Amino acid sequence: MSVTVAKPGEVRHNYLNAGDTVLSWLLTTDHKRIAILYLVSVSFFFLVGGLLAGLIRLELLTPQGDLMTSENYNRVFTMHGVVMIFLFLIPVIPAVLGNFLVPLMVGARDLAFPRLNLASWYLYMAGGLIATWAMVTGGVDTGWTFYPPYSSSYSTSQVTLTIIGAFIIGFSSIATGINFIVTIHKMRAPGLTWFRLPLFIWAHYATSVIIVLGTPVVAITLLLVVAERVFRLGIFDPALGGDPILFQHLFWFYSHPAVYIMVLPAMGVISEVVSCFSRKRVFGYHFVAFSSVAIAVIGFLVWGHHMFTTGQSVYAGMVFSLLSFLVAVPSAVKVFNWTATMYKGTIDLRAPLLYVMGFIGLFVIGGLTGLFLAALATDVHLQDTYFVVAHFHYIMVGGTILGYMAGLHFWWPKITGRMYPEGIAKLTALVIFAGFNLTFLPQFVLGFLGMPRRYHWYPEEWQMLHVMSTAGAFLLGIGFILPVFYLLWSLRTGALAGPNPWGATGLEWKVDSPPITHNFEQTPIVTEEPYAYDNHHEPEEVFSGTGASTTKR
Amino acid sequence: MVQEQAPQNVSLQFEDVHQQNESYIVGMWTFLVTEIMFFGAVFATYLVYRVANHTAFWEAHLRLDIPLGFINTCVLLTSSLTMALTVHYAQRQMPKQQLLWLSVTMALAMAFLVVKGFEYHHKYVEGLIPGPNFRFEPAEYFRPAQLFFSLYFAMTGLHALHVLIGVLVMAVMAVLIAIRHSSVQDFIPVELVGLYWHFVDIVWIFLFPLLYLIPR
Ligand code: HEM
Ligand SMILES: [Cu+2]
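Residue numbers (the numbering used here), protein chains in the order written: chain A, 1 to 553; chain B, 1 to 216.
Possibly wrong hints are sitting among the right ones.
To be clear about the criterion: a stretch of chain A counts as covered by chain B if any three or more of its residues have a C-beta under 8 angstroms from a C-beta of chain B, and this derived list gives those stretches [to be verified]:
(1) 184-197
(2) 215-221
(3) 225-234
Hints in this document: simulated from the structure, not taken from any laboratory. Keep in mind it's a predicted model, so treat the numbers as computed, not measured. Glycine included, every Cβ here is placed at the ideal spot set by N, Cα and C.
Just need the whole structure built from these sequences, with the hints factored in.
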């Protein structure tokens, strides 16, 4: 690999300047460009979902429903959920960071099926636009879970259109999953054995397995809901002879594993960042790698914990409860190992590491409250309250989104060739952490006191907690808008990064930033384990780029 | 097995034909796994309801045409054989025979669809299409029978869609082989179509007894 240092102002050929027409972007099969396409579209949908969240929090500022009618409130929280889960959280890390990094990390010139990769973006956009269209023309009010018989027989909103949108998006994530599985199996560089793979790759492999096994099930289930709605078939509606509990089984068979589709890639990011900024190899590499696989496997066996109170047999409930406790074990293994990695490490407290530390803390809270919910007796009290809302936001925002922010900052120099501004990035990380906790910590209390989810009227005495939550939400909003500005700003004015500004291990840091179109001038050969920070990678390598000499030691 | 003598179409992302071929095969198998999960969900739904409404489902399944279903089973099984022959001749680089057996496979697939069309038509005439015109005696089994036929159409319809896609893919394949297109010089593309086709057949092997041969 030729790693030559760019002179300031010199423009070298790379994937970004390989073509600048709109068509060169829309018809690209370069995984890195597709990642950028995803970055832009995913950010757009995050904005939409965020605005809807803002509406929810504004409405909840007062105990009365004075901002919108109950019908509209139902629509707003449903669309918030649909957009955030199907259009943001599920694709965000695999389709942006994963797309960009998987080929680079395994030493390949691209994913196995580049055209399939582009097709997945088009499917995503088609599904996203259909869902957006459904929202503009009336919205949906079923909740993101689409429970029948309400969704199939009673709701008068745009259920059919929204489900068709979700169905199409499902195929886009299946395409990504197949691509990752094949690439990781068949396209690793010479010498890159399974146990030399970065943990980011293990996490994406486990995620892909879940996607491939789970998504088809939810796709067909949602299709049956549409069939029942359109042709009155009677598959789930008891009035027509169907069984609504069966829907819940099929839905959660995908949607519980789907929570791991959302969080596993973030865990992959954490492993990379934590070891780089601790200058240590990841503690217990094999355990972290296998815990991803264990999560993928056990994650498929716990869906019943969403149905403790909806008419599932108590014996089934007991089994599901036990299995849910089991799935917490591999998650905890990861947390312990990340912490142990930092222990006695040479900590370099940069913005990505701040996000990582936020992730670890918030994920622990999210995971532990998951155990409360997985205990049969407490769940009867907590089901469908704000406690559940707080639980999953701790994991999906505190986990997935913080992990994404960590990764975005960590690989920003690789993606764009420029450094982000460190100071404001750190400040933003703190704002997000503070805003997040202010938003969601009160919701645990609210839920425990009995505030049901999906309601917008509530007794006066809970107003204080809701005001705190709304205030936090706006702080959080500011925290998510700031990066848009400073990252865009850095595209022109950020210091040039050089190939390896962090002195990190991993094949992606051995090529130019931004990389050339086909990543490697010649296929790399791997001769050592990952995260070999103690072997070499001394600080001087940190300065291989111009302008990036920001490392203080 | 793999012919190393280029000029083969090796896409840029692959090191060599070997890696490319293996990637395609793994990709196809992974895709088939998603298909299994796809059909699996409907099969599971069907089985749950069949256990719950056994007698009614038994009554309803008497209205299916077992001889036609049996003929179709034979047709599809034969098409699996002819598809295997297609792959066999592809591996030996014999385009004429390849084209012959691919065409036979296509013809059998279309025959299957025609028979299925007749069956659907009979159901329509007998008022067995779920919806406002659905009629079923004895009346006590009306709802579960409608459920049975809902699932019958969902499952066989989904399967027929897969057969149709198979016919289209085979047609494209046949044209490519006929014009000696460089992308089908290797046998791997044919092998992939073959894998898909065998999968479609296997789905029917499960559908037929599940729907047509319910024990009392
Ligand atoms: C690791 C990532 C996790 C994510 C992203 C996540 C996400 C979610 C989501 C979205 C819901 C709400 C579903 C709904 O009703 O709309 C939920 C509920 C639940 N979660 Fe988690 N969860 C995670 C981990 C866990 C763990 C480790 C456990 C237990 C060991 C757990 C136990 C539960 C239970 C029992 C519920 C049902 C609560 C109820 O409705 O009563 N979760 N989770
Ligand atoms: Cu769950």
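Quick rundown of the hints versus the structure:
With 3 residues having a beta carbon nearer than 8 angstroms to a beta carbon of chain B, the region 184-197 of chain A meets the requirement of three or more and the stated coverage holds. Counting residues of the region 215-221 of chain A whose beta carbon lies closer than 8 angstroms to any beta carbon of chain B gives 6, which reaches the threshold of three, so the coverage claim holds. Only residues whose beta carbon comes within less than 8 angstroms of a beta carbon in chain B count, and the region 225-234 of chain A has 5; three or more means the coverage holds.
Hint check: no violations occur; every hint is consistent with the structure.
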